[in-house]
Amino acid sequence: DQQVKQNSPSLSVQEGRISILNCDYTNSMFDYFLWYKKYPAEGPTFLISISSIKDKNEDGRFTVFLNKSAKHLSLHIVPSQPGDSAVYFCAASGETSGSRLTFGEGTQLTVNP
Amino acid sequence: ETGVTQTPRHLVMGMTNKKSLKCEQHLGHNAMYWYKQSAKKPLELMFVYNFKEQTENNSVPSRFSPECPNSSHLFLHLHTLQPEDSALYLCASSPSTGGRSYEQYFGPGTRLTVT
Chain A
1 DQQVKQNSPS
11 LSVQEGRISI
21 LNCDYTNSMF
31 DYFLWYKKYP
41 AEGPTFLISI
51 SSIKDKNEDG
61 RFTVFLNKSA
71 KHLSLHIVPS
81 QPGDSAVYFC
91 AASGETSGSR
101 LTFGEGTQLT
111 VNP
Chain B
1001 ETGVTQTPRH
1011 LVMGMTNKKS
1021 LKCEQHLGHN
1031 AMYWYKQSAK
1041 KPLELMFVYN
1051 FKEQTENNSV
1061 PSRFSPECPN
1071 SSHLFLHLHT
1081 LQPEDSALYL
1091 CASSPSTGGR
1101 SYEQYFGPGT
1111 RLTVT
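Residue numbers (the working numbering), protein chains in the order written: chain A, 1 to 113; chain B, 1001 to 1115.
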């Protein structure tokens, strides 16, 4: 039973436009959510996070939105740049699970010049 | 060296071989993790160590044997693996396993192929 799902395996956008990556979760005990970015031949790197007490967190070009009632979060990248091309993983954790992170399958983002 | 390093980066081994993966973190963290990433699947947590003590074994087969001699080093000893064990093995660290230290820092991974 996969508790964190990224239903789009890939996304392609034009440089300068907005990229929207989506993530759904099923476990209502999750209260902290993270996005990681992974380039080929490198490990995932932390990008941005959000606590369930918020519905939005912004860091430069990256904004994460959380809709708790829908158990859905999204990552917006605007404007998108070719260097943003990578695999993006959504991850979730809850107070009862400590440091255990449950990851989604990842979405390959390609930003075309 | 900074961050989290892993060696080797690539490994090809036969099913009867014994090999070890090494992870080292230079971040002063107290928790370390092993993950497995198979093609088209989410990262799967394998083991968690906190202050050198194993705190989680996610039902991993005994052909995978972790070792954590200190908070900076983590090993994964491999023996009699199966072809389906071929995957990217990622090491990560975090300040601890408690509290809100959820931001884990990953190494580049070891690409393992079992023939």
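Keep in mind that the hints were calculated from the coordinates and are not lab data.
It cannot be assumed that every hint is accurate.
[Unchecked claim] Label-pair distances were calculated between CB atoms; the ranges are:
#1 B:N1058 / A:T26: 42 to 48 angstroms
#2 A:A41 / B:N1057: 24 to 30 angstroms
#3 B:N1017 / A:L11: 36 to 42 angstroms
#4 B:E1103 / A:M29: 17 to 23 angstroms
#5 B:T1016 / A:Q81: 30 to 36 angstroms
#6 A:R61 / B:E1067: 39 to 45 angstroms
#7 B:G1028 / A:S74: 32 to 38 angstroms
#8 B:H1079 / A:S8: 34 to 40 angstroms
[Claimed, not checked] Which residues of chain A face chain B? A partial, calculated answer using Cβ under 8 angstroms:
#9 L34
#10 P44
#11 E58
#12 F62
#13 F103
[Stated by the list, open to error] Keeping only pairs whose Cα atoms sit at most 25 angstroms apart, straight-line, the calculated DMTMM-like set for lysine to aspartate or glutamate is:
#14 B:K1022 / A:E42
#15 B:K1041 / A:E15
#16 B:K1052 / A:E95
#17 B:K1036 / A:D24
#18 A:K56 / A:E15
#19 B:K1018 / A:D31
#20 B:K1041 / A:D31
#21 B:K1052 / B:E1067
#22 B:K1036 / A:D31
#23 A:K5 / B:E1044
#24 B:K1040 / A:D24
These numbers were taken from a predicted model, which means no experiment stands behind them.
For every residue, glycine included, the Cβ atom is placed at its ideal position computed from N, Cα and C.
We went through each hint and held it up to the structure:
no.	hint	verdict
1	B:N1058 / A:T26: 42 to 48 angstroms	violated, 19 angstroms
2	A:A41 / B:N1057: 24 to 30 angstroms	holds, 29 angstroms
3	B:N1017 / A:L11: 36 to 42 angstroms	holds, 40 angstroms
4	B:E1103 / A:M29: 17 to 23 angstroms	holds, 19 angstroms
5	B:T1016 / A:Q81: 30 to 36 angstroms	violated, 48 angstroms
6	A:R61 / B:E1067: 39 to 45 angstroms	holds, 41 angstroms
7	B:G1028 / A:S74: 32 to 38 angstroms	holds, 34 angstroms
8	B:H1079 / A:S8: 34 to 40 angstroms	holds, 39 angstroms
9	L34	holds, 6 angstroms
10	P44	holds, 5 angstroms
11	E58	violated, 17 angstroms
12	F62	violated, 15 angstroms
13	F103	holds, 4 angstroms
14	B:K1022 / A:E42	holds, 16 angstroms
15	B:K1041 / A:E15	violated, 28 angstroms
16	B:K1052 / A:E95	holds, 22 angstroms
17	B:K1036 / A:D24	holds, 22 angstroms
18	A:K56 / A:E15	holds, 24 angstroms
19	B:K1018 / A:D31	violated, 41 angstroms
20	B:K1041 / A:D31	holds, 23 angstroms
21	B:K1052 / B:E1067	holds, 9 angstroms
22	B:K1036 / A:D31	holds, 24 angstroms
23	A:K5 / B:E1044	holds, 14 angstroms
24	B:K1040 / A:D24	holds, 17 angstroms
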